[in-house]
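Colleague: Sequence:
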Amino acid sequence: MAVASFKTNPYGLHELLKKCEGGLLQLPDFQRSWVWDEDRIKSLISSVSRGFPIGALMTLETGGDVDFKPRPIEGAPAHTLTTRPEALLLDGQQRMTSLYQVSLRGKVVETITPKKKRVKRLFYIDIAKALDPAVERDEAIVSVGEDRLLAEDFGRKIVLDLTTRENEFERMIYPVSMVFNWDEWQKQFIEHFMKDGEFPKKWDVLRQFKENVLDNFIHYQVPVIALGSGTSKEAVCVVFEKVNTGGKALDAFELVTAMYAADGYELRRDWYGKDGAFGRQHRFKETLRPAGQDSGIIAAVSNTDFLHAVSLFHTRERRREAEAAGKQGKELPAVSGNRNALLNLPLEAYKKYQALVEEGFVRAAKFLHMLHIYRVFDLPYQTQIIPLAAILADIGAAWEHEANRAKLAQWYWNGVFGELYGSAVESRTAKDFLEVPAWLKGGPLPSTIRESTFRAERLKTMRMRISAAYKGVNALLMKTGAEDIRSGQKFDHIVFFGENVDIHHIFPKKWCEDRNIRPAVYDSIINKTPLAYRTNRIIGGAAPSIYLSKLEQGDKETPPISVQNLDGYLRSHLIDPSLLRADQFEGFMVDRQERLLSLIEKATGQSAYRGETEEETETDLEAAEAELTIAA
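Numbering-wise, the sequence shown is residues 1 to 632 according to my numbering.
No false leads were mixed into what you were given.
Pairs of lysine-lysine, DSS-like flavour, derived with a Cα cap of 25 Å:
1) K351 with K233
2) K490 with K602
3) K69 with K352
4) K602 with K479
5) K431 with K352
6) K441 with K407
7) K18 with K107
8) K107 with K210
9) K210 with K129
10) K120 with K107
11) K407 with K479
The calculated label-pair distances, taken between Cβ atoms and stated as ranges, are:
12) E86 with G396: 43 to 53 Å
13) Y609 with G276: 51 to 61 Å
14) G326 with G276: 47 to 57 Å
15) A334 with D215: 54 to 64 Å
16) S229 with A291: 49 to 59 Å
17) A406 with A520: 32 to 42 Å
18) N181 with F278: 46 to 56 Å
19) D215 with T163: 22 to 32 Å
20) D492 with S562: 20 to 30 Å
21) E586 with G488: 25 to 35 Å
22) G488 with R289: 24 to 34 Å
It is worth saying that the hints were derived from the structure and are not from the lab.
We put the CB at the ideal spot given by N, CA and C, even for glycine.
All chains, full assembly: derive it from the sequences and hints.
Modeller: Structure below.
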């Protein structure tokens, strides 16, 4: 039976804060800086002063496989930098840092206002207000500036002066920095008031404050979920996904970064750059970036995508070593880029393969341009770039041969039109990484090609830009020589961006709606094609016969186009000119569906399924891939 690898125990707040101060409890280095504003700090002080729960903490015992670089809690003494921690604080950094800064550190607290203005504050408890049940406890928590003065009227009127201990006594204001040092404060308090006859009355109030407020700090217990040193890296990653709800979720890259940092390697520098040097993220953004555009085709490749590709090479190397050692079947380690594989990616493996994998992604950008996929927005699947880059990195110069590129294109289009990279892609990515290079050398067909099927009826349901196959049809039309029906230009990347090319209706939306044709019919990819922005403006909402006539006649800005040339432009879009000129919508839809099917069959090298299937909605078909494509 599995045994839980954690314990849940209450710990005294003072004990935990002392561990922070001594460096025995530290943070993993990837934890972001302390950012709580003064209102949240006041609320936290208020909760502890009433003995209210502030939530559990989670720690990870050091000395196990998860070896993160530690970092002392913010404000801790300098000696903690060289102290080996007993545990790392995984969840609770903001709470513990806030409480340490206001109670034990003994210095002004650098924080921010709710409006994000940086300020320096000291925190106090108004004893009278704290004991008054009619006053909200938050109102009893007082914060003043570094000068220990609270002013009104733009600083002209001092309403609270706490510059001396005596002033604290007279005002009955207790410093939060002394909540764990009651003996010292009360000794000075007694000495101050023994000079006059008001001591008994003052002491009674102070005693009540000690019993009803201050003791809550002294005896406060915090539940701590303590993960043992044997906790796996994957478990730690899952923990962060579950508990880190207050900000950006930590992913495998952040955790790998922390583990490499323990060996002195700055992984974040590689990706984000540092000290004026650009990182890999910037290089990917700039790769094949067209003039006037913000980014290139691989700009959306993430740091975990990159690690995924590196992991494919490392795990394949381990598998080959196991095969050489005579292992078989289930004894062989899997080739993988899943989260667990990333968390177990050794630094030496990363260093070994990083340059090769980066070159693979650059080649992937060039390959996608060859397929007339120019924008991240038009990528059928972001996820398919990972195996594409890994394959191109693996085969090296062999990708320059036309025969290999043709095979790679066939594999790519089968992934797109088989809609195989929409979900559960990790195992497919690994299989393609192993199978496609072998196929290029004469091996069997990759499973992505064997398992790919495209149904003829699917063309009728492809209506949304989120559909991978929808984007695939658009790219294929441009790749096979579609020419703009106004300018006659083919859609290379210069024309694509210069003429603002996009997918537009052939039978205009208004024309269809005037004839009660349903959107489910006229919005399908069958009735759409890539056109320049100016061309689409000329088309407007008129019948095809009318806008074709306008193009033939020309105007002040557009010269006349001969019938022969215009028909040639239409045929390049797989459009029968006679059906379009006759405004034969139904006949056009049947004819063009068949022409598009032939285009897809040629690209995939496989026959489409033309039998009847149960109709599916676009929502049903795209739900799985919605998060894996780049939407509008």
